[in-house]
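So the chains spell out like this:
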Amino acid sequence: MSGVTYIDAIREAQETLLREDPRVFLYGQDISNFGGAFKATKGLAEAFPNRVFDCPISEDAMIGLAVGAAIEGMRPIIEMQFADFSSIAFNQIVNQAATHYYRTGMPIPITVRLPSGGTPGSGPFHSQSMEGIYAHYPGLVVVTPATVSDAYHMLVDSVKLDDPVIYCEHKFLYRWLKAKSIKGDGLPIGQARIARPGKHATVVTYSAMVHEAVRAADRLQADGWEIEVVDLRSVKPLDLDTILASVARTGRLLALGEAFPWGGVTAEIVAKVTEEGFHLLDAPPQRLNARDTPVPYHPKLWAAHRPTPESICDALRKLLSF
Amino acid sequence: MLITEENAYINEVSHEGDFLRRTFRAMLRARILENKLSSLYKAGKIVGGVYLGKGQEAISATLGASLIQGKDCFAPLIRDQAGRTAFGEPLIDCTRTYLGSVKGPMRGRDGNIHRGRPEMGMPAMISHLGAQVPLIAGMLFAKRLKGTLDGCVGATTVGDGATSTGAFHEGLNMAAVEKLPMVVVVANNQFAYSTPNSRQFACADLVERAAGYGIGGFSVDGTDLIACASVVGEAVRRARAGGGPQMVVAHLLRLGGHGEHDDGSYVPDSAKHDHYGRDCIEVAIQQLVEGGYAIVEEITAWQDEASEEVQRAVAQAQQEPVPDPYREDWSALSTRFPLHAQ
Chain G
88 MSGVTYIDAI REAQETLLRE DPRVFLYGQD ISNFGGAFKA TKGLAEAFPN
138 RVFDCPISED AMIGLAVGAA IEGMRPIIEM QFADFSSIAF NQIVNQAATH
188 YYRTGMPIPI TVRLPSGGTP GSGPFHSQSM EGIYAHYPGL VVVTPATVSD
238 AYHMLVDSVK LDDPVIYCEH KFLYRWLKAK SIKGDGLPIG QARIARPGKH
288 ATVVTYSAMV HEAVRAADRL QADGWEIEVV DLRSVKPLDL DTILASVART
338 GRLLALGEAF PWGGVTAEIV AKVTEEGFHL LDAPPQRLNA RDTPVPYHPK
388 LWAAHRPTPE SICDALRKLL SF
Chain H
164 MLITEENAYI NEVSHEGDFL RRTFRAMLRA RILENKLSSL YKAGKIVGGV
214 YLGKGQEAIS ATLGASLIQG KDCFAPLIRD QAGRTAFGEP LIDCTRTYLG
264 SVKGPMRGRD GNIHRGRPEM GMPAMISHLG AQVPLIAGML FAKRLKGTLD
314 GCVGATTVGD GATSTGAFHE GLNMAAVEKL PMVVVVANNQ FAYSTPNSRQ
364 FACADLVERA AGYGIGGFSV DGTDLIACAS VVGEAVRRAR AGGGPQMVVA
414 HLLRLGGHGE HDDGSYVPDS AKHDHYGRDC IEVAIQQLVE GGYAIVEEIT
464 AWQDEASEEV QRAVAQAQQE PVPDPYREDW SALSTRFPLH AQ
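Sequences listed follow chains G and H, in order.
End of the first sequence = 409 in our numbering, gap-free, step of one.
End of the second sequence = 505 in our numbering, gap-free, step of one.
Keep in mind the hints are simulated off the structure, nothing from the lab.
The reader is advised that the hints may include incorrect statements.
Here are some of the chain G residues that sit facing chain H, going by a computed Cβ distance under 10 Å [as the list claims (entries may be wrong)]:
1. 110
2. 175
3. 225
4. 274
5. 324
List of simulated lysine-lysine pairs, DSS-like, C-alpha gap at most 30 Å [said to hold, decoys possible]:
6. 129/G x 342/H
7. 126/G x 309/H
8. 126/G x 342/H
9. 247/G x 309/H
Predicted model, so just to flag it, every value in this text is computed and none were measured.
Idealized CB from N, CA, C, for every residue including glycine.
Please put together the full structure from these sequences, using the hints given.
Take a look at the structure:
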């Protein structure tokens, strides 16, 4: 046994859900016998006949269908082939699914899987990070697993929630990230985790950037700095208690994300900490995001577009020297 | 909850006359209710918009009356008061929603035509046109997975404007691919807000689209109750019998503005004096009387009954409490975070 990858965990979670809950079905492009563009549903159509469906290239209708099915008591999991394409489904997600509980009193338990984030060579339309967009809207839960075990357990937990969940899975982690097993620590959705303890500065981040932050923290350790990394796990709800507790220990905050820099999750973190934890801060809180251009195609440009251990170290040194 | 006395005998509809009488009474109740809504709006008693189905009652009511509440599903749109009434929505749901009563299905959180009872098979529309097409497909898809689809139909209505949206296309194509028993009624009322058909589509008749989707297509005079009953009835029968999605395009004219804030002055007189400019209620009365389906005295009695019912529904909603922002549960999620570790 060579271990479980992040994508294995996503596949296994769906297998568990299909096995344990007759209300679950999978709907998406190329996910049936082909097993999905990333093989997240490999073998599931054979194992669960009439539960895993290929669908037309109609992202709007995919979510519309899911909401209708949820009204009828089902728990659909929709695979967007790439997070970027969920822009076509935006209306159904934010206006149909997200408003439904508030308007009618009936929650809509759908889970939308968004293969998110950049990988080398993927370019502007297969690399986007949409969590900030969806988190902006009331009525959605937005989760961003960074570990193999979270990939598994948070998908299972997402489907069990009665509300619509945007499950942002990072493509860069699919095959690169491995664990011995999917055994988890039982944290519920909405609770962050200290991914690496420290005392001089706090990096609050999520998804693939957790690993880049830990790398940066390891490098700064050589200079005697102990950096704490908070893995948010879900960006909505945002676990402000864990963030503030960490900032209380370190006095310094860097909010780190892979999404575009205007607004978004990192801006929300800085705003919340400034509002509620201003007295805890020994330095102005910092943000580090991708650059304010579309995600470029060439690996050299791409690597300089997103935050890297180097740019994270630079940001932390600036923060620590204040 | 939605089952009304009128609705109760839907199961024994076999006689054309029964169907026409029942459908017409829904048309009449809707028209009288909507006239009252218009007055209330003009008197400043309704906040927000008022959107009427004047001129569309025949096509809307025949669809609602062809469906079985409790078994079928129906996603009405902006001009479907008659269809809602025929399907079994009580008038009080309408007046409560327009007047903001907390006892209404939307509890003041949404208003006017943005109401529904999804648990009873009638989802609440959103304003984005075409969006209910895949939603109804999803309800039917779920029934298939649950093994309860047999003999069911799902229906929704759109206007000419919605046929230009991506959602309409995606939803109808998906329903066709999934071979779902769905009926989509397109009420071509010639104007999408102020935009005439000539700036909306370029085909001769929107029903031509049906061939492109590989689904059944019907074109009908939407001002003619008997024609609507026959065509919508056939479309619903075909869908119910497993014939896949059916599209019905009804030709008519919106007899008013987009909403009561709009006088519709851009609608040319030629359209108003055209065949489709006639009032389907007047046509229906003539058809019922001439066909021997009803007598004038009976229709007058139905009218009086409906007027009283509308008065009661308005009076009741007006005396009910409106939402209290201090007691409002300001939560868009049913899950109450934080959750606790297992």
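Verification of the supplied hints:
no. : hint          : in the structure
1   : 110           : holds (9 Å)
2   : 175           : holds (8 Å)
3   : 225           : holds (4 Å)
4   : 274           : holds (6 Å)
5   : 324           : holds (5 Å)
6   : 129/G x 342/H : holds (26 Å)
7   : 126/G x 309/H : holds (27 Å)
8   : 126/G x 342/H : holds (27 Å)
9   : 247/G x 309/H : holds (19 Å)
The earlier numbered hints are all upheld by this structure, with none contradicted.
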